[in-house]
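Q: In order, the protein sequence lines correspond to chains S and V. As numbered in full-length UniProt numbering, residues 1 to 444 make up the first sequence, in order. As numbered in full-length UniProt numbering, residues 1 to 444 make up the second sequence, in order.
No lab work stands behind these hints: they were computed from the structure. A portion of the hints provided could be inaccurate.
Copies of one chain are not kept apart here, so a pair can be met inside one copy or by any two copies together.
[As the list claims (entries may be wrong)] The list that follows gives simulated cross-link-like pairs (lysine-lysine, BS3-like), each with its CA atoms no further than 30 Å apart: (1) K177 <-> K52; (2) K52 <-> K245; (3) K245 <-> K61; (4) K50 <-> K6; (5) K187 <-> K245; (6) K187 <-> K61; (7) K316 <-> K177; (8) K196 <-> K61; (9) K6 <-> K245.
Number of protein chains: 2
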Amino acid sequence: MTAARKREIHLNLNILNVGVYGSAWRWPSVDPAAFVDPAHYIRCAQIAEKGKLDAVFMADKPGLVDHPQYRPFQALDPLVVLSGIAATTSHIGLIGTASSSYNSPYNIARRFASLDLLSGGRAAWNIVTSAEIEIARNFGRSDVTAHADRYAIAREFVEIVRALWDSWEDEALIADKAQGLLLDISKIHPIDHQSKNFSVAGPLTLPRSPQGRPVLVQAGASDDGRNLAAGVAEVIFTLSQTLEKSIDFAADIRRRAASFGRVPEDVVILPGLCTVIGDTEAAAQARRRELEELVPAEYGLARLAGTLQVDPDLLKLDEHLPEDLPIPVNHNQTMFAGTVAIARRENLTVRQLIRRLGGGAGHRIVAGTPEQIADDIGTWFAAGAADGFNIMPDVLPEGAETFVTEVVPILQRRGLFRTEYEGSTLRDHLGLTRAERGRFSTAI
Amino acid sequence: MTAARKREIHLNLNILNVGVYGSAWRWPSVDPAAFVDPAHYIRCAQIAEKGKLDAVFMADKPGLVDHPQYRPFQALDPLVVLSGIAATTSHIGLIGTASSSYNSPYNIARRFASLDLLSGGRAAWNIVTSAEIEIARNFGRSDVTAHADRYAIAREFVEIVRALWDSWEDEALIADKAQGLLLDISKIHPIDHQSKNFSVAGPLTLPRSPQGRPVLVQAGASDDGRNLAAGVAEVIFTLSQTLEKSIDFAADIRRRAASFGRVPEDVVILPGLCTVIGDTEAAAQARRRELEELVPAEYGLARLAGTLQVDPDLLKLDEHLPEDLPIPVNHNQTMFAGTVAIARRENLTVRQLIRRLGGGAGHRIVAGTPEQIADDIGTWFAAGAADGFNIMPDVLPEGAETFVTEVVPILQRRGLFRTEYEGSTLRDHLGLTRAERGRFSTAI
Ligand SMILES: Cc1cc2nc3c(=O)[nH]c(=O)nc-3n(C[C@H](O)[C@H](O)[C@H](O)COP(=O)(O)O)c2cc1C
Ligand SMILES: Cc1cc2nc3c(=O)[nH]c(=O)nc-3n(C[C@H](O)[C@H](O)[C@H](O)COP(=O)(O)O)c2cc1C
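Just chain S, same shape as in the assembly (with noise of 0.2 Å):
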């Protein structure tokens, strides 16, 4: 298996528009209107391949939400996107959002198998359930369905794919011109999943990929949302503030990993890393501070009451945070407890902790040069608080080029990250060997 295999850095680049600062459009060098074209997330993801990350990342959410006049969003649909970046790049791995919510699973085995195709087996598909009111309207739903009851559609969901991923065995394509059979049929299996959520008769229409199949990624963070992605995920997004919940996270993930039959290492964990670089280290605190000025003052309020799920008036700028803020049911507990952390420990004023959170999604954000952004992830990684990072720039592209043009040759030097890529596949980056037919590392 995999358990010899040297441990590297993978470093994956979450195109977040125009970066993860909510002023990022603001910025001297962004083009506010890049979030809506396509073009700016080719050229994002062609950084990327010359830096030799592992992949881009394309988040989604099917709707408008979180104030979208204070800033840009995830507009266009992903895997469009992803396509226009398979057939302009070489190496660098897609990984698309698409919701189990909101999609048949024939039609998400399909178009990832296609993009899995169309790239020569760099696809992988991010898990999501949606926990938005403004999304479920948009499906024909009044209100979103629970969270349990999503993950659980969501492990059905995962399992329907997986096995129309698998449905063809590998010699299933004869192409024999002479005899003039081009499949034997005996070779592609249908699935007949038949279920009270599900009926899905299969075959898929598709052959497997050069990497087996797609890649699966989840970034669950509850409870039922880690057993998905320790079940099911070879990459899991995560956000984490410190490096010692982040120890935590990673060993309660490979100990869920490890009940369910899986090899913990085959688990690659990628905490999320804002990045804000600076020649010095004061030049980049002043690159922070001016970003956080930039944030449109009412997105920041609004953005901390969604976070919270309370009324923007229960805010009061110079004060505290209310002390017996609820827990918000059936919405993303990980950032509500984050940004409550972060406002506790710092001790911070309403109006300070939207500086500090810059109206970006609550990752850790590192401020420094590129010595110390890339000594934070040496440190994280040889501690086994990451097996990698979740890059998430201040701004981009301009953030994602000095990234790649200033901290990768760091790691490179150090010997912690690759100069070349060595293999063709996604799972050949994440050093995954390709995925066997009807093996899952787990049952579901």
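For this one, chain S is given, so just place chain V with the ligands on it according to the hints.
A: Positioned in the frame of chain S, the structure of chain V with the ligands alone reads:
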């Protein structure tokens, strides 16, 4: 409006995997696995663009239908492949099929809008309702919805998609960096569609495209199908065996379009044309015979039985078709009628009919020299039987290359076809103006 515009021929390349003949995959120049290789479709599209064609088309059936052991089929997700084509071409239009029976309107609106932005305004959606039971079973159904109900749903589906495409006013994206205001949310409108079949709040996550919104394409042939096509489609694909029938069809469509309040000339009617090209007429005929002979024998019979919706055992190879074939309910009646008409008109036995059809889609086949193909196209166009053609080469990419390098220049010399693209969007190529927001030529 468009009443005074110059009438020119419109040409679309139907990338029907490796060619319209059921035997195309056995042809010497063909890679039989190309049907599952996106690079093959990109290559064909680049050939079409070299020939200044209006568009390429990717059909779709999300399921294994029509005896896949004997011939290639539409295996890949069309929007993934068209997105790859978009990123590697600059002008060619991109028509993709998606089913209104097995998708959500919000996802379809967003995916085509994303493709439209990725391509700079070159996207088009071919609306189909999906007649096959194998497809229904992949999407939680045990049976195919009745024909009339499928079309009623399709009409409503299209209405929702058009409304979503138009949910942003052009002035909504203000991107005022100084004020910190990205969008004028008062210019982005929910659609609040609510009915028995669909409930979709909107708005879409995307602004309109350089061509306003994607072009609508339809190929319905039944009464309901023609009403949908005449009501909403800007391009209509059709299967027409004879010049007279095609003139009748065009007149019927334009009459219906007028009755819906549309400008009849705003509908671009493209009959299918299968091309078999040779240096001499004899060479073309010999090529056709070779292709007919290479159709796997079992396939020809199985396919004919499928088109007629009868048991294959009912068809005796050396007899004529049974007299009393029932018109198939809830299936493609045009292909049925066209096939029976050829058999009767040309007095063919089942064996002869199978050869005559070549395992193709039942579209008109012209075998001849480049001059003869160009003459045929010119005659049909002049007679008003067609606004252009849906070109279906015998074998791909070979037949597309021959068409582009040998037939297109003749049409250009005759002043019938563009020598350069004059605009950049698909609507430009089709002689249509940019779609105005909320101005549909008919209310459906
Ligand atoms: C890096 C990262 C990326 C995420 N991407 C998406 C996304 O694209 N769409 C989405 O709806 N949720 C996304 N999420 C949210 C997670 O799927 C998940 O819902 C969240 O971490 C809360 O965990 P829970 O669902 O187990 O409660 C993302 C989370 C993280 C940490
Ligand atoms: C050129 C052409 C392309 C078509 N493409 C598709 C397709 O991609 N998928 C599909 O399910 N049906 C396709 N059809 C079938 C039509 O959508 C339609 O169902 C058929 O012409 C019968 O008409 P009716 O639906 O009105 O009975 C196509 C038909 C034609 C003529």
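Q: Please go over all the hints and tell whether each is borne out by the structure.
A: Hint check:
In this assembly of identical chains, K177 and K52 lie within 30 Å of each other by CA distance neither inside one copy nor across copies; the values are 41 Å within and 33 Å between. Taking identical chains as interchangeable, the C-alpha atoms of K52 and K245 lie at most 30 Å apart only when both belong to the same chain, with a minimum of 29 Å there against 59 Å between chains. Taking CA atoms no more than 30 Å apart as the test, K245 paired with K61 passes inside one copy only; the shortest distance there is 27 Å, against 48 Å between copies. When the C-alpha separation of K50 and K6 is checked against a cutoff of 30 Å, the pair qualifies only within one copy, where the shortest distance is 23 Å, while the shortest distance between copies is 48 Å.
For the homomeric pair K187 and K245, neither the shortest alpha-carbon distance inside one copy (47 Å) nor that between copies (44 Å) is at most 30 Å. When the C-alpha separation of K187 and K61 is checked against a cutoff of 30 Å, the pair qualifies only between copies, where the shortest distance is 21 Å, while the shortest distance within a copy is 38 Å. Within a single copy, K316 and K177 get their C-alpha atoms only as close as 75 Å, which misses the 30 Å cut-off; across copies the closest is 27 Å, which meets it. Taking the closest pair of Cα atoms, K196 and K61 come within 30 Å of each other both inside a single copy (26 Å) and across two copies (25 Å).
Taking CA atoms no more than 30 Å apart as the test, K6 paired with K245 passes inside one copy only; the shortest distance there is 25 Å, against 69 Å between copies.
Violated hints for the displayed structure, listed by number in ascending order: 1 and 5.
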